[in-house]
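Peer 1: Mind docking chains B and C on chain A? Use the hints.
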Amino acid sequence: MTEEQIFEDLSPADVYRTAEALRADGYRMVQICGVTREGSTEVLYSFDRDHRLVNYRVDVPFGTSVRSITPVYWAAFVYENEVHDLFGVEFEDSKLDYKGNFFRMSAKTPWKGPEKEVS
Amino acid sequence: MGILKFGGRLLSNMVHKPVTRNYPAEPREYTDRTRGHVEFDPGRCILCNICGKKCPTGSIHMDKAARKLTVDRMLCIQCGYCVDVCPKKCLSMAADYIPPDTEKIIDTYQVPEKPKEEA
Amino acid sequence: MGKRTIVPFGPQHPALPEPVHLDLELEDETVVRAVPSIGYVHRGLEKLTESYDYESMTYVMERVCGICSFGHGWGYTGAVEGLMGVNIPDRAEYLRIVFHELSRVHSHLLWLGLLADGLGFDSLFMHCWRIREKVLDVFEAVTGGRVILSYCKVGGVKKDLTPEMVQRIVSMCDDIEEDMRRTGYVFMKDSSVRNRLCGTGVLSKEDAVELCCVGPVARGSGVDNDVRSASKWYREVGFEPVLYDEGDCWSRCMVRVDEVVQSLNLVRTALRNLPDGDIAVPVKGPAPVGDFAFRVEQPRGEAFYYVQGNGTKNLGRARVRTPTNINIPAMVRTLQGCNLQDVSMLVITIDPCISCTER
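In order, the protein sequence lines correspond to chains A, B and C.
Taken in order, the first sequence gives residues 1 to 119; the numbers are from this note's numbering.
Taken in order, the second sequence gives residues 1001 to 1119; the numbers are from this note's numbering.
Taken in order, the third sequence gives residues 2001 to 2359; the numbers are from this note's numbering.
So that you can see chain A by itself, here it is in the shape it has in the complex (with noise of 0.2 Å):
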């Protein structure tokens, strides 16, 4: 279902504030999902409203924390384990932390990107 696209850049310090604000707008989380990058990862939020939906990318440098938005919606510790598991990213306050036990796998945080080259 083609929709429009809007893609909004946001920093890890507003994460919690602006997920307070969709609950309280009754936005519906949608996923979170991490994309490797060179020397961060980017966390892409959706939310929904009306079957409109809203991203935001939030770039999260390595050695870096969100705070989690377990405490609004509390169905986002599926997905906050999973980046954090998957990519390495730290999650602050979180309501039900595996503490990176949620999948089962031989290699700790797979998808993390490589560090960024300095010149």
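Hints are supplied without guarantee of correctness; some may be wrong.
[What the hints assert, rightly or not] Calculated pairs, DSS-like style, for lysine-lysine (alpha carbon to alpha carbon, straight line, at most 27 Å):
| no. | chain 1 | residue 1 | chain 2 | residue 2 |
| --- | --- | --- | --- | --- |
| 1 | A | 95 | A | 108 |
| 2 | C | 2134 | B | 1089 |
| 3 | B | 1053 | C | 2284 |
| 4 | B | 1068 | B | 1053 |
| 5 | C | 2159 | B | 1053 |
| 6 | C | 2313 | C | 2159 |
| 7 | C | 2047 | B | 1053 |
| 8 | A | 112 | C | 2284 |
| 9 | C | 2047 | B | 1054 |
| 10 | A | 112 | A | 95 |
| 11 | C | 2158 | A | 95 |
| 12 | C | 2134 | C | 2159 |
| 13 | C | 2134 | B | 1017 |
| 14 | C | 2158 | B | 1089 |
[To be verified] Some residues of chain A that are not near chain C, with every Cβ distance over 10 Å (derived):
| no. | residue |
| --- | --- |
| 15 | 9 |
| 16 | 14 |
| 17 | 18 |
| 18 | 25 |
| 19 | 46 |
| 20 | 67 |
| 21 | 75 |
| 22 | 90 |
| 23 | 101 |
| 24 | 109 |
Just so you know, these hints were derived from the structure itself, not from any lab.
In this text, a Cβ means the ideal position worked out from N, Cα and C, and glycines have one as well.
Peer 2: For chains B and C alone, coordinates are given in the frame of chain A:
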């Protein structure tokens, strides 16, 4: 009235044939479009190796020097992509499945040399 | 207050079709807490975009899950078409709707069979699967595959329908509708089914909204977030979401029974109005830099596809969010406070597809 309803079903079950087939005695009929296995006609092949490059599971291998094409039957997933991309249409989908076996089947085809003007 | 016991449930369990593990914390016979853990069949299919170009990737995406194979193929190709700015012909859109709705029919019949099996109603299970077989035979005749259809490609669909096939699909729809009238009646009225399902595992409308449920789980609680309502093509064939308000296992079951009949009607309407013309447009060249999100309403609920192009033939990222993924929190919430013997029923009514979830 439950008994009457059940009675109807009972009668129709007694009169009708079973839905299942008596399998090995009564073989399955394939339709014209069934994707059973890949067939190869070496006569028209130009050794372009597009099928080998595009195969999602890597079941087709081409040795250009020896003019040989091998199909690993156990890796093939019958997706039909090689048939779609073959420029000379020398690959086709045959309707019957390959029979089960205790060994891995790898079919090797020799592509004949072609007179210059034809190629 | 009794002593707390932890009962491990799964990953291998007679009631579970797929590997999910639940730690059930019990107080006497009541579940007080359930902790799900998945990850038994994680395959990392999304990562394969690095080694496959976007066309070959269609065949990988179709194999994310057997039952919703067509939906995954459509979702992925739809997202790539959006990224590349391709408009597919009307006939291809209609054919996709026809096969997507037929997939829904076969998926729901499979699920109804599994539910009947879980109830211990084995003859009903066999009847559901007997009806389902008719859809699979049509799939084989038209697309060549019984379950994995390989019907979608980037730019349209692969095979056209002949007039005889259209006739065959329509007569099959009439046939299944007749069968469903009888079988659906059993799910609706039979006392053994109703005793087991009515009032079990109630998910209130507020909870369904809060937990962001999708698909029949949400619609069984009266929440309409069916993506098909937003589609121009679905509006053309007269789509209306099926909603039940009770929120219990029975209403989730009835949503699916009604959707089978509704999907048959959609298929017939789509075939009646099937436009003439091409079934595919050629798509060539590398995928441009950019991203595209696409959603499809699969039998189990809304599926989300996200692709990111990086200017080469290979995509930078392809993401699938399957419906079960978001329904797991709802399953955990309904499990709290239920009886141990209802756990299997609750897990089944979510229609978990764990292999989808983990990709």
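Peer 1: Between residue 2313 of chain C and residue 2159 of chain C, is the straight-line Cα distance small enough, at 27 Å or below?
Peer 2: holds (24 Å)
Peer 1: Tell me if the straight-line CA distance from residue 2158 of chain C to residue 95 of chain A falls inside 27 Å.
Peer 2: violated (46 Å)
Peer 1: Regarding the assertion that residue 90 of chain A does not contact chain C, is the least Cβ-Cβ distance greater than 10 Å?
Peer 2: Answer for residue 90 of chain A: holds, closest chain C Cβ roughly 19 Å.
Peer 1: Using Cβ atoms and 10 Å as the threshold, tell me whether residue 14 of chain A really stays out of contact range of chain C.
Peer 2: holds (20 Å)
Peer 1: Just checking, residue 25 of chain A versus chain C, shortest CB gap more than 10 Å?
Peer 2: holds (13 Å)
Peer 1: Taking C-beta pairs only, is residue 109 of chain A more than 10 Å away from all of chain C?
Peer 2: holds (12 Å)
Peer 1: When you check the alpha-carbon spacing of residue 2159 of chain C and residue 1053 of chain B, does it fall within 27 Å?
Peer 2: At roughly 23 Å apart (the allowed maximum being 27 Å), residue 1053 of chain B and residue 2159 of chain C satisfy the hint.
Peer 1: Residue 18 of chain A: least C-beta distance to chain C exceeds 10 Å?
Peer 2: holds (16 Å)
Peer 1: Does residue 1054 of chain B lie within 27 Å of residue 2047 of chain C when you go C-alpha to C-alpha?
Peer 2: Since the Cα atoms of residue 2047 of chain C and residue 1054 of chain B sit roughly 17 Å apart, the hinted pair holds (cutoff 27 Å).
Peer 1: Are residue 112 of chain A and residue 2284 of chain C close enough, with their CA atoms no more than 27 Å apart?
Peer 2: It is violated: about 31 Å lies between the C-alpha atoms, which goes past 27 Å.
Peer 1: Holds or violated: residue 2047 of chain C with residue 1053 of chain B, Cα cutoff 27 Å?
Peer 2: holds (19 Å)
Peer 1: Would the non-interface assignment of residue 46 of chain A survive a Cβ cutoff of 10 Å against chain C?
Peer 2: violated (7 Å)
Hints 2, 8, 11, 19, 21 and 23, counting from the list given before, are not met by this structure.
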